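So the sequences go chain by chain: Z, Y, P and W.
Going by this note's numbering, 91 is the number at position 91 of the first sequence; the sequence numbering is gapless.
Going by this note's numbering, 59 is the number at position 59 of the second sequence; the sequence numbering is gapless.
Going by this note's numbering, 53 is the number at position 53 of the third sequence; the sequence numbering is gapless.
Going by this note's numbering, 111 is the number at position 111 of the fourth sequence; the sequence numbering is gapless.
Check before you lean on any hint, since a few could be wrong.
Identical copies look the same in the list; a pair holds intra-copy or inter-copy alike.
With a straight-line Cα cutoff of 35 angstroms, these simulated DSBU-like cross-link-like pairs (lysine-lysine) come out [stated by the list, open to error]:
no., residue 1, residue 2
1, Lys114, Lys22
2, Lys128, Lys93
3, Lys142, Lys114
4, Lys93, Lys22
Think of the hints as simulated: they come from the structure by calculation, not from any bench.
It should be emphasised that the depicted structure is a prediction, and the values quoted were computed from it without experimental measurement.
Number of protein chains: 4
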Amino acid sequence: MDKTKRVPIEVAGAQLVAAFNKTPYLTFNQMEMRFEDDTIRCYLDARRELVGNTHFNILHGGVAATMLDSIAGIVAMLELYRRNQGTLSEQHKKMARLATVDLRVDYLAPGRGKQYIANAEVIRMGRKGCTMRMEMVNDEGKSIAMGIATFAY
Amino acid sequence: MDKTKRVPIEVAGAQLVAAFNKTPYLTFNQMEMRFEDDTIRCYLDARRELVGNTHFNILHGGVAATMLDSIAGIVAMLELYRRNQGTLSEQHKKMARLATVDLRVDYLAPGRGKQYIANAEVIRMGRKGCTMRMEMVNDEGKSIAMGIATFAY
Amino acid sequence: MDKTKRVPIEVAGAQLVAAFNKTPYLTFNQMEMRFEDDTIRCYLDARRELVGNTHFNILHGGVAATMLDSIAGIVAMLELYRRNQGTLSEQHKKMARLATVDLRVDYLAPGRGKQYIANAEVIRMGRKGCTMRMEMVNDEGKSIAMGIATFAY
Amino acid sequence: MDKTKRVPIEVAGAQLVAAFNKTPYLTFNQMEMRFEDDTIRCYLDARRELVGNTHFNILHGGVAATMLDSIAGIVAMLELYRRNQGTLSEQHKKMARLATVDLRVDYLAPGRGKQYIANAEVIRMGRKGCTMRMEMVNDEGKSIAMGIATFAY
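With the sequences and hints as input, model every part of the structure.
Set out below in structure tokens:
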């Protein structure tokens, strides 16, 4: 992301997504961030490797936790940029330092489907940290997991 | 696990570990359960693929969440077997049905090290569910993450 | 609540509210449940006794936790009644046994205002337990705290 | 607390306890902080007013949440003082600004007993926030609730 001048949110979003999609653990899991509808979502196609319970063929809970933590982080960064409190340089420092402090995942339905999609929204954005709310649905729109995460920056 | 008769805890533990180590998402992540010191621990060697923050070379938070969820589940099963409330058949039904209801992960230090080891203990074991407390340390014994999970069975 | 026959939801709601409003800790705090708009909400007027931080005159975090736990419990009972899975007698047993397993509260803004109002919604309703999502706002509609709770029954 | 010079930890602890015990919501609940064994604990005698479930005569979950939030806050302040990172003046600013960001309570056993005692320990202390672990036991030493809280300062 260009650190010296302000770019439109869709440019910032595209740059964030491009950078995030190189994260080793996301490429390993084949999770993909996409900037769309003025926000960022995370996509994952179901694969045998992601199964946690072979008897019932259900997604491992860690997959949902990974998606929810990741989407919360990137959407928090996008919102920091969008709100642009303080100078742009301060915003960039915050974005680079952003770290998950705690994460809660609620498993609402067995993880079944052909594709999983995760989104996130800000519920608190403070000077030194924020709180994010996340959801993962399957390709039929069924809610599989919800989450809350606290970040520091 | 032999469902018709009671075996010593170390036999039950070894059988559980053997079964769990075939879980697709655990083999994909190269996480390995071991029965030792009368309990079960989960081991993971650091690898490039597990990184979440390339700038600081830190483990992705989803890796810790995956390990903590997994170790909590297998240790809960072992404890259900050990405590053997109700008939053995009821215990086996509970073990098969065991599912994470919610998970909290607290990130205590940046995930750095050569190896990560996770353990779990029961803090509540009820008729229909239990609460587990987990910790992940690195090879130097530094606490990287702690967790709490509620399970239903 | 009449345990032998089914009553309309507004009658069940009124009966639940009347019973809950006798709970010692709710009367002690002067928290009041009301059935309105087909759901139940919890109301609390600001008082000096409820302050946790005298320097900034902010509501104690325990007040929000108490309201969120209480509203989640009563709305879970109402939903168990409304959905009426199993026989009515089974529903009543579940309602009587309902107990909070875990509660998360996220503090989003300093607790200031003349009145606080809490609401809750079901996000998972299973055979042996449910997950509730709660929010507390002040009289200006500002979100003070959100919560998630897991219940067993 | 004297803000201009450093006092021994037991003096700082006694001053913190004296200040905290004037908090309106703690006096209203009759919760009492005590500095003892080099740490601070919170004490509460069982009373009819604190009951949440009259059928089973069980403590309201909000009482445990209030005690755990409070003990975490005061012990975090004591530890900030003890560790004295940065100047004393910075420490005092942190102590004054300390606010709960999120709180998780796990209810482990029905709240019954003559007295309840809560303690807390630091599991992470960072530059801008900390994570605390808490426990509430009854007078027989039975664990009634455990908690985790994230604070910002």
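These are the hints, each one checked on the structure:
| no. | hint | result |
| --- | --- | --- |
| 1 | Lys114 <-> Lys22 | both (23 angstroms within a copy, 22 angstroms between copies) |
| 2 | Lys128 <-> Lys93 | both (11 angstroms within a copy, 15 angstroms between copies) |
| 3 | Lys142 <-> Lys114 | within (12 angstroms within a copy, 39 angstroms between copies) |
| 4 | Lys93 <-> Lys22 | within (20 angstroms within a copy, 40 angstroms between copies) |
Consistency note: the structure conflicts with none of the earlier hints.
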